[in-house]
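Engineer: In the order they appear, the protein sequences are chains A and B.
Sequential numbering from 3 applies to the first sequence in our numbering.
Sequential numbering from -15 applies to the second sequence in our numbering.
By construction, these hints were calculated from the structure, which means they are not laboratory data.
All C-beta atoms in this analysis are idealised placements derived from N, C-alpha and C, irrespective of residue type, glycine included.
Incorrect hints may have been included.
Claimed, not checked - With the Cβ distance kept under 8 Å, some of the chain A side facing chain B (calculated, not the full set):
(1) Gln95
(2) Asp102
(3) Gly112
(4) Arg121
(5) Val239
(6) Arg286
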Amino acid sequence: MAQEPPPVPPPLALVGAAKSFGAVKALQGVSLELRAGEIHALCGENGAGKSTLVKMIAGVHRPDEGHVEVDGAPIEFARPADAQQAGVAVIYQEPTLFPDLSVAENIFMGRQPLARGRRIDRPAMHAATEALFARLGVHIDPARPAKGLSIADQQLIEIAKALSLQARVLVMDEPTAALSGVEVERLFTVARSLRDSGAAILFISHRFDEVFDLCDRITVMRDGRYISTDPVAELTVDAVVRKMVGRDIAALFPKQDTEPGEVVLEVEGLTRTGVFSDVGFTVRAGEIVALAGLVGAGRSEVVRAVFGVDPYDSGRVLVNGRPLRKGRPAAAMAAGIALVPEDRRQQGLVMELSVERNATLTRRWALSRFGWLRRSTEERTAREWTRRMQVKAGSLSDAVATLSGGNQQKVVLAKWLSTDPAVLIVDEPTRGIDVGTKSEVHRLLSELAGRGLAVVMVSSELPEVLGMADRILVMHEGRVSAELSRAQATEESVMYAATGQREDAA
Amino acid sequence: MSAVSTSAQPPLQEHGGGDAKADRKLRQVREVGILLALVLLVVATTIVNPNFLSAQSVRDLLLGATLLTILAVGQTLVIVTRSVDLSVGSILGLSAFAVGSLFAAFPTMPVPVAIIAGVLVGTVCGAVNGALVALARVPALVVTLGTLYIFRGIDYWWASGKQINASDMPSAFLGMGRASVLGIPVLALVAVLVVAVVGWYLTSYRSGRELYAIGSEPAAARLSGIPVDRRIFMAFVANGTLAGLAGVLYAARFGTLDATVGTGLELQVVAAAVVGGVAIFGGSGTVLGAALGAVLLTTIGSALPILRVSGFWQQAVVGLLILTAIGLDRVLAVRAERKLRGGQSRGA
């Protein structure tokens, strides 16, 4: 293991890299050095900028500021092929396979072994594929199409692909999320042997046991910034968690105290195979219940199933004691559930339509007489709700696309609140919204709860969860790993549960 | 399922599950199915009218299928990348008229030069399409709908009402359209050659496989370093070139050319490819399938009148065939997926 900084320049380094998407600064002034013969861990919360960093190394994103260095010399990766050429292989969080093509072709696309006349040598390609799988200790028919493979097997193909590149730099973005224990062990054996043969490896994982088991150094990022890099020997899980959260919780989130009323929403043993299992919780009138957890823990999937957009295999949902038919959003709406979706541009709004059309979209039938939707009624309702939500728009006939993110979110809220729901489900209510409007959305949610609405909030932002929620359900890999009251919840306790750690280990 | 481990290492864990052999068989069903339909149709028609299988009418059939086959092969190159080219009918018309006008203007021109010129007209048109789709990133459907009218417009402007007749072209050129080797028309042999070469290229060359990769998952194709834009551009250029070739063959075969040549052909071409099992969303399908689709459509066109089926029903049958083909594809895809998953779910 490397202790002293090696005299040779690192095979790959990031120097002062910054990247913005619109107004969102995904990465600011991040420097990172991947040394030969070392496994380097990258830790950080959701949205800390890890994936942006990976895409920069992979040549998908170009840094706005700073640069990538290969062997100490600045280099520009204009496209993924450039990074590949420089010996960088990336295993992405989501497998990126060609479903129609064979397993072997997926591994060797663009680099197929050639026979005479630059013809693809299929037997050689299949043999090489078998050899790669043998190194991983598995067998998958090289000739079968990638279609129909489980996520774990798809991930194995990605790993085999990276192996076949004989990369000097290997980046693994949460490669173990879908793997079983045995497969993870195999992957680690391969990773260690690659390291020992001189490769530089960047490993991203939310599982601390894996990080501490496998890695030599750990870099922590938070809010798109570089925080620290230390050898594993000098760190503990506690220290890493503290560095990952390390924020002051300002009294930014004023949740009014309310007396919880009757149980409005009951979810019992909700299961969808492979996505989430045995999820149960209740929400009372006047209560805000937060669903916390890491991206991919299954939170959005649960609320989508509750609302009936997604199917579920077993379990049931009750509203005011009456069971809800599954898979029917219309039934959910009739029972008084409203869902403000995660992605307001794709799922929440019709971007080209006017503010008033969007605001009344959920009430087309209630507002129409004999099937005739009258403009004046529409306008009156929209005006009423945009006033109550304090939507700042030039005119109600402007397209929603012209509004700021925060105001768009208020229009989505208006659209759903106008249905007079008993349960409001909000998925990432303040994502991509500036700080000022954020607290306005928080005030609104708190007020609504104060008026007796049952609120379920899915949020990846810990301060928001801690500030707003009366109760917090933490999800980890499709299960509820902890239920915390407002008094019990701290950034650390939520983070522990979200990463599947036991708190008593602290 | 037996684990096929040949090494003496610890036993390999069998992964993936499912029945991959059954999947391969299912995919062959597609081409066998078209062949079967073709045989049935020919047998039925021959029973009604034995003349249907005479040497002359078989030759007519092959000639008829030639142009559609070449165009369907070109279209397959484009469709597997998840694009479509609607301008092929216009390209064919333009290239045919170009060849005719060249001969009319320079009667002594050597035949090969005229052929090459006609093919190049197609190449240029294909390059225009490819540049607009790949570089300007405009959806192919819209681009080629536009160039369909533009190329046709150029054709009209050029022809300005004139017509070119067989007498304007040298007999050596026209003879090519009538010549045959061992009873098989030369033009049909050209089509067979095109199918063989393009089919070979698509299965055996890196860039050919990359076309499938692009159509199967464009985002993954970019991530794995495939020059997506260049490949799509080249697919359109190749398709234009083949449409140009088809235009030259049209001129040689029919001899009478005006600005309306090839009008409406593009939809037949897409139909042939779809009937032949080329997935309209890219990623799968073979050139052989598309060619068989073209032959089947042509055969239907000449068999139904013999079977005394009215014009309306002829159109309806083609429509029905397309819907059947798509339905069959769907059923096969669902079955293949079930087979591949093999029902054995491993705990994640």
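Engineer: Min Cβ distance, Arg121(A) to chain B: is it shorter than 8 Å?
Structural biologist: Holds, because the Cβ-Cβ distance from Arg121(A) to chain B comes to roughly 5 Å (cut-off 8 Å).
Engineer: Using Cβ atoms only, decide whether Arg286(A) comes closer than 8 Å to chain B, and label the hint accordingly.
Structural biologist: Interface hint status for Arg286(A): violated (34 Å vs cutoff 8 Å).
Engineer: Does Val239(A) hold up as a contact with chain B if the rule is Cβ-Cβ below 8 Å?
Structural biologist: 25 Å, violated
Engineer: Double-check Gly112(A) for me: the hint is only fine if its C-beta lies closer than 8 Å to a C-beta in chain B.
Structural biologist: 6 Å, holds
Engineer: Is the hint on Gln95(A) kept, meaning its closest Cβ partner in chain B is under 8 Å away?
Structural biologist: Constraint on Gln95(A) not satisfied, violated at 12 Å.
Engineer: Does the closest beta carbon of chain B sit nearer than 8 Å to the beta carbon of Asp102(A)?
Structural biologist: 4 Å, holds
In the structure shown, a violation is registered for the earlier hints numbered 1, 5 and 6, in ascending order.
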